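Chemist: As they're listed, the protein sequences go chains A and B. Each residue of the first sequence is one higher than the one before, starting from 1 at the first, in this note's numbering. Each residue of the second sequence is one higher than the one before, starting from 1 at the first, in this note's numbering.
What the hints contain is simulated information worked out from the structure, not anything from laboratory work. Be a bit skeptical, because a hint or two may be false.
[What the hints assert, rightly or not] Calculated lysine-lysine pairs in the DSBU-like style (CA-CA distance at most 30 Å, straight line):
1. B:142 x B:116
2. B:116 x B:163
3. A:107 x B:268
4. A:251 x B:163
[Claimed, not checked] Over 10 Å on every C-beta distance to chain B, these chain A residues come out as not near it, computed from the model:
5. 25
6. 49
7. 64
8. 109
9. 110
10. 126
11. 146
12. 157
13. 186
14. 210
15. 214
16. 238
17. 251
18. 253
19. 257
20. 261
Note that this is a predicted model, so its numbers are computed, not measured. Virtual Cβ for every residue (Gly too), placed ideally from N, Cα, C.
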Amino acid sequence: MTAVAERVATPGAPGEPSRRVRFGWAVTDTLTITRRNLLVWIRVPAYLVFTVIQPVIFVLLFRYVFGGAIPVHTVGGYVNYLIPGIIAQTAAFATFGTAIALAQELKKGVIDRLKSMPMARSAVLAGRLVADTLRMIVTILIIVAVGYAVGFRFDNGFVPAVAMIVLATVFGVAICCISAYTGLAIGDEESVQAFGLIWLFPLTFLSSAFVPISTMPGWLQAFANNQPVTYVVDTMRALALGGPVWPSLWKSLIWLVAIFVVFLPLAVRAYRRAS
Amino acid sequence: MSQYNEVGEQPAIIVEGLTKSFGEVHALRGIDLSVPHGTVLGVLGPNGAGKTTAVRILTTLLEPDGGRALVEGYDVVHQAAAVRRSIGLAGQSAAIQEELTGRENLEIIGRLYHLKWPQARSRAIELLEQFGLSDAADRTAKTYSGGMQRRLDLAASLVGQPKVLFLDEPTTGLDPRSRLGMWEIIRSLVADGTTLLLTTQYLDEADELADEIVVIDHGLVIAAGTSEELKGRVGGDVIEFTVPDRSRIGDAVAAIGAIGEGDPHADKETGVVGIGVGGRGSDALIDAVRSLDATGVEVHGLALRRPSLDDVFLALTGHAAEEEDQPAGRRRGRRGGRAASKDMERTAS
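Just need the whole structure built from these sequences, with the hints factored in.
Modeler: See below:
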């Protein structure tokens, strides 16, 4: 067995690359995976439908069908109330794609192949998050444009409007970590999709996104008043339309930090263990 | 020092006492392997025997519970990064991105091997050419046939020019023609000096491609040797037929009892009777016809065939290579079941 020891110690053998080289690889590998994921997104009509057409339909449905029946005291009427809510929901629903894509890659052995390669192990998840964030921003901007077409207006100036979009994106990325975790932990496309409906629908609908919480029964208000989507949507509305931002913002930030702290490590662990 | 050949070169793969359990399921119960450079080891066994688990450990996807494994001299646990630079892996399903073209798939893998763009491009072109996919290079992989997808998958595993290649059931689920095409490609890789570890459920595949074969069952190596040596243990060719009148199975068994090596086996349910006849082949077949004719037992589908994996298992373990699930339900989407594979096996041989 001496030969084994010698081989390991041989200076000519390819040793570990330096920390700097490895960091460089982590960046380029992440970009490569991002590029790949965006290419896939562009090529699959179903993803486009899920991420773009579905929220547009929601805008039209709530603006013109349900909206008239929902009493709000927002300047500019229900459309101004609705659009920040729809944007938050869209950001959350966009992460369906994250969970499903990861589950597919897992099942097909793509993740096995990538893990058996000398690439940065962090790049698969990082590239997925970066690509999905870009995808999310595109979708959000589309919804803003559609919102403008149906009468929504930012009433609070340019910088708060940008801040609202940034907050929506950060919220989406947080939800993305949860979705990535479910995708990797469940590992089956259909189950992931079904499970996504189970938690994402209640989370986004049982909030202030579409209707004032005061219209809900008391027991439901207890949940709706304290969950992250409500805080995020309230903050987004304050940023878009004016009003006190801070009371809901600090609670949003606590929730978002908590989600990142819990689910990012869980997703990374699920990726490491995924097989 | 028996592990080392005359030039004192260390084998490309060394496995010693490897164990792995998933909860209650003991997937590997102490496996030893040694694969010299430039040779092909066929790992033969039914589903759930532990083949995939072994490959996953050797390709750094899974950590063993005990024992150790070296690939190209690097420990798969402690020097995983160095192992990953030396290997290629193609699994049971095509691990390609179906929405991307064949070219894009290979270019992206090339980039992930840290090739510069121009090199990644030329390597992709080279591999598409080598695997007969040039015409389909710019079509999305979704439009490829099953055989083409597997070829692209195999091409992807070669982008990094691995010294050691792991193929986990490379032809499972392929039609006979694609399967032969795959064998052709694998043979050319081996001719170029690549060390290959190949898992398969098919004896004929191991027979065609492997220099050495190990048979794994329930996480243990139960036999090792060349294909000829293994066949010797099975008793060579097999004569098999069906007796439609189940009440006469006993007569049929008695009639052929003397012509083979060992005892005939008979299945009372299906009426299938078989016996190993060693190297006597067609002589034994003629004897069988005469003898059955003399007894007056009606038989169907009397044929001489080469021993199958089932025969190997019957001979080595006394039980058939039955379908078993991979531990903890971790088996990935396998295309085609055992029944389909069996048909394929017959057609191909």
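Chemist: If a hint holds in the structure, say so; if it doesn't, say that too.
Modeler: The hints, checked one at a time:
1. Annotation: proposed proximity of residue 142 of chain B to residue 116 of chain B holds, straight-line Cα distance about 27 Å (limit 30 Å).
2. Restraint check: the Cα-Cα separation between residue 116 of chain B and residue 163 of chain B comes to about 21 Å, which is no more than 30 Å; the hinted pair holds.
3. Of the supplied pair hints, the one linking residue 107 of chain A and residue 268 of chain B is violated, its CA atoms being roughly 40 Å apart against a limit of 30 Å.
4. Proposed proximity of residue 251 of chain A and residue 163 of chain B is contradicted: the alpha carbons are some 55 Å apart, above 30 Å.
5. At roughly 6 Å from the closest C-beta of chain B, the C-beta of residue 25 of chain A falls inside 10 Å, breaking its exclusion from the interface.
6. For residue 49 of chain A, the non-interface assignment is confirmed: its Cβ lies about 15 Å from the closest Cβ of chain B, beyond the 10 Å cut-off.
7. Listed as a non-interface residue, residue 64 of chain A keeps its Cβ farther than 10 Å from every Cβ of chain B; the least gap is roughly 35 Å.
8. Not every Cβ of chain B is farther than 10 Å from the Cβ of residue 109 of chain A; the closest lies at roughly 4 Å, contradicting the non-interface assignment.
9. The beta carbon of residue 110 of chain A sits about 5 Å from the closest Cβ of chain B, which is not more than 10 Å, so the claim that it is off the interface is violated.
10. No beta-carbon of chain B is positioned within 10 Å of the beta-carbon of residue 126 of chain A; the least distance is around 13 Å.
11. The claim that residue 146 of chain A is not at the interface with chain B holds, since no C-beta of that chain comes within 10 Å of its own (minimum 27 Å).
12. Chain B leaves residue 157 of chain A outside its interface by the beta-carbon criterion, the shortest separation being 41 Å against a cut-off of 10 Å.
13. Look at residue 186 of chain A: its CB is around 12 Å from the nearest CB on chain B, clear of 10 Å, so calling it non-interface holds up.
14. Under the 10 Å C-beta cut-off, the non-interface status given to residue 210 of chain A relative to chain B holds; the minimum distance is some 34 Å.
15. Every CB of chain B is more than 10 Å from the CB of residue 214 of chain A (nearest about 46 Å), matching its label as outside the interface.
16. With a closest Cβ-Cβ approach of about 40 Å to chain B, residue 238 of chain A is found to remain outside the 10 Å limit, as its non-interface label requires.
17. At roughly 40 Å from the closest C-beta of chain B, the C-beta of residue 251 of chain A stays outside 10 Å, upholding its exclusion from the interface.
18. For residue 253 of chain A, the non-interface assignment is confirmed: its Cβ lies about 36 Å from the closest Cβ of chain B, beyond the 10 Å cut-off.
19. Look at residue 257 of chain A: its CB is around 32 Å from the nearest CB on chain B, clear of 10 Å, so calling it non-interface holds up.
20. Every C-beta of chain B lies more than 10 Å from that of residue 261 of chain A, the closest at about 27 Å, which supports listing it as non-interface.
Checked against the numbered hints given earlier, the structure breaks hints 3, 4, 5, 8, 9 and satisfies all the rest.
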